[in-house]
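Using the sequences plus the hints, can you model the full thing?
First to last, the protein sequences are chains A and B.
Sequential numbering from 483 applies to the first sequence in the working numbering.
Sequential numbering from -3 applies to the second sequence in the working numbering.
It is worth saying that the hints were derived from the structure and are not from the lab.
Some hints here could point you the wrong way.
Said to hold, decoys possible - Derived, one-sided and incomplete: chain A residues facing chain B with beta-carbon distance under 10 Å:
id: 1; residue: L496
id: 2; residue: R498
id: 3; residue: M514
We put the beta carbon where it would ideally sit given N, CA and C, even for glycine.
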Amino acid sequence: MNKQEKETDWLKPLFRRLPAEELPASFREALMGKILRETAKRKKTNERFELLAVLLASLGMMGLAIGAILWAGPPRMVWRTPEWVSLPFYSYIGVLLLLLLGGDHWLRRAYRKRHPD
Amino acid sequence: MELYSDIDHIRRIQAGDPAGFTGLIDRYGAGVHAFIFRMVRNREDAEELTQDVFLKAFRGLNGFRGESGFSTWLYRIAYHTAVSEMRKRKQEFLAIDETLLALAPDEKPGGAFALVDEAEQLLRLDRALAQLPPEDQALILFFYMEEKKVEEIASATGLSLSNVKTRLHRIRKKLYVLLTEMEKKDNE
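In structure tokens form, the structure reads like this:
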């Protein structure tokens, strides 16, 4: 049916006058509620899949390591204890680390007090 | 002219912002709902099915490649949803004798139909529509109520262009026969 035929079509004006049922006012809100719930659910499922993938990859790597140890035997390791002469150096590094950690903690607390949000 | 096109809304959703879907609901919600309501003839069912259509569209948006327009794609979902709902109801539809169809002219039923008031004409048209098979109802509603082009109807229904044209022609004749039959019954 071409455009001109459609214009003179007897059904066209009849269909135009058919009363249309209005969409309920709450439709959009209800539908968006469902969509947002579904999006949150999908996000959660994806996160679970990602966690499972990480877990499986870790287990795989651990299995591979155990397999390699069983196949090639345990690696030879030599344990060395640090010499007493280097004790002051390690002590200095340890104290510095504690001081820096304490400073970081104190600064963060001060910042949170100033910016509670 | 709309500020954002369908593609703008779709890109926003595909980028992870589901709020972009409100634009598509505002643009197509009323049309899809009117089409489904005219098919299922029940307010609650129509609302639920319209929600289903939009939810299916939302779920499938990641796979939407834009080969056809969003509107055509959405109406394809609406068509399948409405037709499958109607089939589930196992309602019986009228089978019209082929000879009656062949004899029916492609014009407005005359006589009493032309004389009855508008409200009665619309009531009869509504009753005649209800007697058509769901696929026929959908096709005629797409063409007249949603004012879709034959190409869009073909894309939405999966029928060929010539098939859509032939079917529309036959549906018009069916409506003519049904409306004439109603006229006869009323005169008896």
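Structure-based check of each hint:
no., hint, in the structure
1, L496, "holds, 5 Å"
2, R498, "holds, 8 Å"
3, M514, "holds, 6 Å"
When the structure is compared with the earlier hints, no violation turns up for any of them.
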